[in-house]
Amino acid sequence: MQTHLELELEQIKIKIFEMADLSIEAIIDSIESLKNADITLANKVIEKDKLIDKLELDIDDECIKFLVTRQPAASDLRFVLAMLKINTDLERIGDLSTNIAKETIKIDGGALLKPLIDIPRMGEISVSMIKQSFDAITEKDVEKAKDVIKMDNELDELNLQIYRELFTYMGESTRHVSQCLSLILVAKALERIGDHIKNIAERSVYYIEGEDIRHKAVNKNMS
Amino acid sequence: MNNKITASDVCFYYGNNQAIKNINLAVEKNSVLALIGPSGCGKSTFLRCINRMNDIIPGTKITGEIKIDDESIYGQNFDVTNLRRRVGMVFQKSNPFPQSIFDNIAYGLKINGIKDKYEIERIVEHSLKSTALWDEVKDRLNKSAMGLSGGQQQRLCIARTIAVQPDVILMDEPASALDPISTQKIEELIQTLKENFTIMIVTHNMQQAARVSDYTAFFYMGELIEVNKTEIIFTKPDKEMTENYITGKFG
Ligand SMILES: Nc1ncnc2c1ncn2[C@@H]1O[C@H](COP(=O)(O)OP(=O)(O)OP(=O)(O)O)[C@@H](O)[C@H]1O
Ligand SMILES: [Mg+2]
Chain A
1 MQTHLELELE QIKIKIFEMA DLSIEAIIDS IESLKNADIT LANKVIEKDK LIDKLELDID
61 DECIKFLVTR QPAASDLRFV LAMLKINTDL ERIGDLSTNI AKETIKIDGG ALLKPLIDIP
121 RMGEISVSMI KQSFDAITEK DVEKAKDVIK MDNELDELNL QIYRELFTYM GESTRHVSQC
181 LSLILVAKAL ERIGDHIKNI AERSVYYIEG EDIRHKAVNK NMS
Chain B
1 MNNKITASDV CFYYGNNQAI KNINLAVEKN SVLALIGPSG CGKSTFLRCI NRMNDIIPGT
61 KITGEIKIDD ESIYGQNFDV TNLRRRVGMV FQKSNPFPQS IFDNIAYGLK INGIKDKYEI
121 ERIVEHSLKS TALWDEVKDR LNKSAMGLSG GQQQRLCIAR TIAVQPDVIL MDEPASALDP
181 ISTQKIEELI QTLKENFTIM IVTHNMQQAA RVSDYTAFFY MGELIEVNKT EIIFTKPDKE
241 MTENYITGKF G
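Protein chains in written order, with our numbering: chain A, 1 to 223; chain B, 1 to 251.
I should point out that these hints are in silico values taken from the structure, not numbers from a laboratory. Incorrect hints may appear among the rest.
Here are the simulated lysine to aspartate or glutamate pairs, DMTMM-like style, with alpha carbons at most 25 Å apart [said to hold, decoys possible]:
# : chain 1 : residue 1 : chain 2 : residue 2
1 : A       : K140      : B       : E71
2 : B       : K229      : A       : D212
3 : B       : K239      : A       : D141
4 : B       : K239      : A       : E139
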């Protein structure tokens with residue numbers, strides 16, 4: 001039988017996972033809206049972000065209440081501290097997805113320069129990074145979490161590549177400047193999303209084994 | 001490391017019942033060590049080994065070695081009376097003598113050979129100030145100690161203990177019968193006292209252990225399961241048993 005303490009922890013966990021699902025949905029929908037010039041979907045992303053914001057406050061309240069009333073220790077303490085921070089990262093991911101949706105609205109149905117490939121790729125990588133971070137939490141698998149941190153490099157590279165490509169486009173013709181700028185902002189938003197997921201993975205490692213790996217290279221291949 | 005107390009392979013028996021099993025533990029000078037663990041795990045027994053209080057219980061036996069300042073306290077020619085002065089003890093239930101507040105402290109000084117009246121007055125005042133009791137009792141030093149509140153009585157017992165200038169203070173659940181304000185005063189006191197003393201405290205209150213101690217030792221069924229910096233014990237203990245105990249999942 002679960003104790004009340006375990007039930008409260010479970011509640012926090014359920015809400016954080018719900019928040020993770022919502023942010024995955026926000027990333028996917030914002031990219032879809034961009035790909036298909038779907039302004040209705042873009043507006044839906046912006047609207048749904050309010051849910052994420054509300055959930056963030058809820059989770060903060062529950063974590064704080066848990067800290068005050070339970071005065072947790074060891075893995076319980078690390079769990080709540082990690083969730084408090086992961087909560088903030090997920091909320092930021094929601095915000096960044098709305099930024100992407102706003103660019104869709106700005107482009108306003110205009111034809112895209114060329115079919116989008118790298119941006120959706122960045123979206124896919126972000127989504128699988130989030131999924132893997134949360135698998136790591138569920139399975140208490142540190143290696144999985146550390147792999148997520150490495151995956152962030154791919155996003156950084158894609159962002160750079162997209163930036164170079166669009167920059168070249170802008171040089172060739174002034175007609176596309178505003179769309180190019182929009183797409184640069186989108187790639188930048190995805191790159192920032194990657195940074196937040198990296199934080200999430202680092203905090204998962206802290207929860208699982210009590211080690212703070214922020215600001216440390218995961219292995220020698222990483223700069 | 002600068003160790004005040006070192007226990008090596010300490011075993012303790014009440015008749016045939018072994019209450020303490022092969023304890024190896026060192027206590028750093030001027031630090032606070034908290035002993036935690038479920039009821040009956042041997043915390044009090046171990047504490048009483050440090051000032052040889054168990055000697056007076058018939059049918060008991062201790063093996064292994066305990067050193068204070070590199071001197072083996074169970075050694076052949078060891079002066080036990082002097083040990084009791086060097087190692088003071090504070091109990092769960094405050095136990096002031098049914099005398100005046102002043103005499104409660106002066107008594108121990110007189111037994112320890114201090115005769116000078118002014119010297120005694122000076123030490124009484126100093127001890128009461130160290131335990132933050134002076135302002136509360138300075139106008140009624142000649143009144144009975146039994147008229148003090150529980151929290152004040154406990155601080156008086158601590159004042160009495162430190163008056164004879166021990167090196168080590170052992171505390172067995174010193175605040176378990178006190179209200180939160182008195183408890184806070186005792187905890188404050190423990191943190192100031194460690195500047196001059198080495199302290200071992202038994203407590204069932206996990207938060208209290210976390211607040212007052214530098215090191216925490218977890219005992220279970222007479223064994224020392226884990227000892228480490230308090231911060232580490234309460235954030236990432238090594239042993240699952242410790243984890244379960246401090247997170248309340250013991251069963
Ligand atoms: N005077 C005694 N005679 C015989 N057995 C004793 C005596 N004192 C303690 N014991 C036994 O030794 C074991 C350890 O007891 P101890 O009092 O040291 O535990 P403790 O950790 O201080 O428990 P608590 O948290 O309840 O104070 C217990 O099994 C207890 O029954
Ligand atoms: Mg006891």
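**Prompt:** Quick one, are K229/B and D212/A close enough, alpha carbons at most 25 Å?
**Reply:** Since the Cα atoms of K229/B and D212/A sit roughly 17 Å apart, the hinted pair holds (cutoff 25 Å).
**Request:** For the pair we were handed, K140/A and E71/B, check the Cα-Cα distance against 25 Å.
**Result:** violated (48 Å)
**Message:** Holds or violated: K239/B and E139/A, Cα atoms, limit 25 Å.
**Reply:** holds (20 Å)
**Request:** Given the hint that K239/B pairs with D141/A, test it: the Cα-Cα distance must not exceed 25 Å.
**Result:** holds (19 Å)
The earlier numbered hint that this structure contradicts is number 1, and it is the only one.
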